[in-house]
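Since the structure of chain A is already known, use the hints to place chain B on it.
Protein chains: 2
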Amino acid sequence: MSRTFDAADKSAGTTRRRFLRGSAAAAGGTVLGAGASVAAGTDNLPPNIPEWMKAPGEPTGGQLYGAPSSFEKGVVKNISKTLKQYISASSRTPLQELDGIITPNGLFYERHHGGVPTIDPAQHRLMLHGLVERPLIFTMDDLRRFPSESRVHFLECSGNPGYSKPYGKTASDLLGLVSCAEWTGVSLKLVLQEAGLKPEAKWVVAEGADAAALTRSIPIEKCLEDAMLVYSQNGERLRPQQGYPLPGFEGNMSVKWLRRLHVTAEPVYSREETSKYTDLLPDGTAREFSFYMEAKSIITRPSGGQRLGAPGVHEITGIAWSGHGKIARVEVSVDEGKSWQSAQLQEPVLTRALTRFRLPWRWEGKPAVIQSRAIDETGYVQPTLSELLAVRGENYFYHNNAIWPWRIAADGEVTNALA
Amino acid sequence: MSRTFDAADKSAGTTRRRFLRGSAAAAGGTVLGAGASVAAGTDNLPPNIPEWMKAPGEPTGGQLYGAPSSFEKGVVKNISKTLKQYISASSRTPLQELDGIITPNGLFYERHHGGVPTIDPAQHRLMLHGLVERPLIFTMDDLRRFPSESRVHFLECSGNPGYSKPYGKTASDLLGLVSCAEWTGVSLKLVLQEAGLKPEAKWVVAEGADAAALTRSIPIEKCLEDAMLVYSQNGERLRPQQGYPLPGFEGNMSVKWLRRLHVTAEPVYSREETSKYTDLLPDGTAREFSFYMEAKSIITRPSGGQRLGAPGVHEITGIAWSGHGKIARVEVSVDEGKSWQSAQLQEPVLTRALTRFRLPWRWEGKPAVIQSRAIDETGYVQPTLSELLAVRGENYFYHNNAIWPWRIAADGEVTNALA
Chain A
1 MSRTFDAADK SAGTTRRRFL RGSAAAAGGT VLGAGASVAA GTDNLPPNIP EWMKAPGEPT
61 GGQLYGAPSS FEKGVVKNIS KTLKQYISAS SRTPLQELDG IITPNGLFYE RHHGGVPTID
121 PAQHRLMLHG LVERPLIFTM DDLRRFPSES RVHFLECSGN PGYSKPYGKT ASDLLGLVSC
181 AEWTGVSLKL VLQEAGLKPE AKWVVAEGAD AAALTRSIPI EKCLEDAMLV YSQNGERLRP
241 QQGYPLPGFE GNMSVKWLRR LHVTAEPVYS REETSKYTDL LPDGTAREFS FYMEAKSIIT
301 RPSGGQRLGA PGVHEITGIA WSGHGKIARV EVSVDEGKSW QSAQLQEPVL TRALTRFRLP
361 WRWEGKPAVI QSRAIDETGY VQPTLSELLA VRGENYFYHN NAIWPWRIAA DGEVTNALA
Chain B
1 MSRTFDAADK SAGTTRRRFL RGSAAAAGGT VLGAGASVAA GTDNLPPNIP EWMKAPGEPT
61 GGQLYGAPSS FEKGVVKNIS KTLKQYISAS SRTPLQELDG IITPNGLFYE RHHGGVPTID
121 PAQHRLMLHG LVERPLIFTM DDLRRFPSES RVHFLECSGN PGYSKPYGKT ASDLLGLVSC
181 AEWTGVSLKL VLQEAGLKPE AKWVVAEGAD AAALTRSIPI EKCLEDAMLV YSQNGERLRP
241 QQGYPLPGFE GNMSVKWLRR LHVTAEPVYS REETSKYTDL LPDGTAREFS FYMEAKSIIT
301 RPSGGQRLGA PGVHEITGIA WSGHGKIARV EVSVDEGKSW QSAQLQEPVL TRALTRFRLP
361 WRWEGKPAVI QSRAIDETGY VQPTLSELLA VRGENYFYHN NAIWPWRIAA DGEVTNALA
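Taken in order, these protein sequences are the chains called A and B.
With this note's numbering, the residue at position 380 of the first sequence is 380, and numbering never jumps.
With this note's numbering, the residue at position 165 of the second sequence is 165, and numbering never jumps.
Bound conformation, chain A alone (with noise of 0.2 Å):
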């Protein structure tokens, strides 16, 4: 039984105001007066009363931890089912069902070398030794004791996509190896000051507390910078995956369940800094200590895996960010690279965080090939796959920033441009 509404007015035309036009499947709602064809087969739709509105809904608190609609089960980290192991593995966001720039915490990127300690925080320590003055144990609660402060920022596997070649079906595939979170802790530098660096110490090693003791020689320069011992993630404690209980290291560099920080002279030259995370160039050298992820974006939306449902007006968006700060301007192009326009960035813009861009575009139901550039605030512009490989060679892994193009198909399915 239809509930009466106000009739519809079936005379109404487009206005000059109105956002999405075409075809009547691809306009921003159906028209109302047209509710006949509309109301077919959907006796449980407004105009009528939809089932779940005849009886109360679940309890208030039944889920004293609450967790996404049982519909958005799919929406979940995207991990390999056919790895050979689980220990040293990764697990990535997926980016294209995600939409501003926060990261939820249940979908936070992974990576471990040695699996996810679980570790009693009233057990847990962290040293600070070395070039100090005053060589210290804090438990977590004299860290909370610090004065904290918080910030956006994102966090990215160096090797993401981890790959010179064309790679990946979906942005997740791709690129999903980022994430961004509201991060609270201390001040490294703060810290560094309570033990007193001697003026020998350039160098800070930091190790944690996981099975392969994961170990990275971090600048001074930088820890004093800012660098954060990060003990929480979107407001609450940081989760296992990220390295609870302990001081994340913030930063390209982020030793996860903290145990240790040895201030020392040189870098450790760690198995992390030499079988890892170094890339090998075409003349037999390896850049190495290269710690800042040079700027990078990605459209997730439309992205590989999706298909426009029809032609019309549809929101291109997508996120960018760099190591080195604010990103400045996102560039789009719709036509192979031929011509780029600037995106709108969402607002504020902060430092070493996801920003968000969006372009509205009007797909013609033609094939086309999409594509983002991230510019940053220093002035660096995101490289193409091939500018890239014409200075590195085919040989690196890691900091593959190139641009990842996106093509459409006339029945509007999206795929990997590049693979």
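No lab work stands behind these hints: they were computed from the structure.
Honestly, I wouldn't trust all of these hints.
Since the list gives no way to pick out one identical chain from another, each pair is judged satisfied if it fits inside one copy or across any two copies.
To be verified - Under the rule of at most 16 Å between Cα atoms (straight-line distance), these lysine to aspartate or glutamate pairs were calculated in the EDC-like manner:
(1) Lys326 with Glu347
(2) Lys73 with Asp120
(3) Lys54 with Asp120
(4) Lys189 with Glu272
Computed from a predicted structure; not experimentally measured.
Positioned in the frame of chain A, the structure of chain B alone reads:
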């Protein structure tokens, strides 16, 4: 078996730069030179290797949608165990456990009048009708076709705390019906323009698709100013508790599971605008359509139910917010309101978002009363409870934005100074 570390410098004293001083237990870490006593009974702690470094941890992607550490299982929504029913009820955010300004989706507060409906997004429809040129019915896909925008805003129950009398043990008991997220959706203005407003359109009546069919009238000015139809929260789709899949209505009258927007010339005086959400004044009249939440703040650490560990420097931190825009200043008193000092505000300060404030404080180990007051960009100053009662009398329930002081006992125990 201990690993070898650098010998501690037992003679190192305090330096001018040290932040934390006081007794050994209160200092920012234990001097490593006192290692003999630190290590006693803690054979699995640094400098020894903890158990969780001796074997691989949990596999990557073991949780396809992640959850907090098992050691955080007490950090959940705050809901009374003794309610008569849980259909029209609320759960509160554990403010005292959170940092920064973003509330994780799993801990977002809930308030439902008819339980949480389980809505299939493919079946959900939004009808826009009344004083418009062209009534429309939208699918979720239709709404996703519009240009999107994202903004960080708080959402708050007008009954937060919902008592004119002193009440509550913890910050969550008192003011836990407020949370903050990055919302993504479509500008309501754009959607109304798609339908075309008639000149006599002055109100929009919003109806939810829950068993309560919660209904509110919203002035057209607000709808055209900054209202959004929201479908995402902190990156992912809204949780059912916040109105999935629907358009939630951004602002202080968020109608969840939105199914109907009826454009009218007058407010509808719905149940929610007459029996609820008005404030009975001493002269027998009622404040009605009081949409804007006035400036408010609360210290979340130290706060009721917590205990200061030892005298020395502690950080006082909390949140402030205003429905009228940005927080301009937060002042903190540690002497029962005799004097006030400005706290540091977390940047960037965002319009109608939670604003984190922080102030280092040296607690001398004596009884103290601490409190905060917010001043927003309009110059409005958060009042004391007695100031509020003098104006409103004792019969009002909603829109209580009084200052709530905390009492700290000599043993460090923190309690509500007004309860």
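Copy assignment of Lys54 with Asp120, given that the CA separation must stay at most 16 Å: Answer is between; shortest inter-copy Cα gap is 15 Å, intra-copy 47 Å.
Lys326 and Glu347: within-copy, between-copy, both or neither at 16 Å Cα: both (12 Å within a copy, 15 Å between copies)
Within, between, both or neither, where Lys189 and Glu272 count as close if Cα-Cα is 16 Å or less: Neither. Shortest intra-copy (24 Å) and inter-copy (52 Å) distances fail the 16 Å Cα cut-off.
Status of Asp120 relative to Lys73 across identical chains (alpha carbons, at most 16 Å): Answer is between; shortest inter-copy Cα gap is 12 Å, intra-copy 30 Å.
The structure fails to meet hint 4 from the earlier list, while all remaining hints are met.
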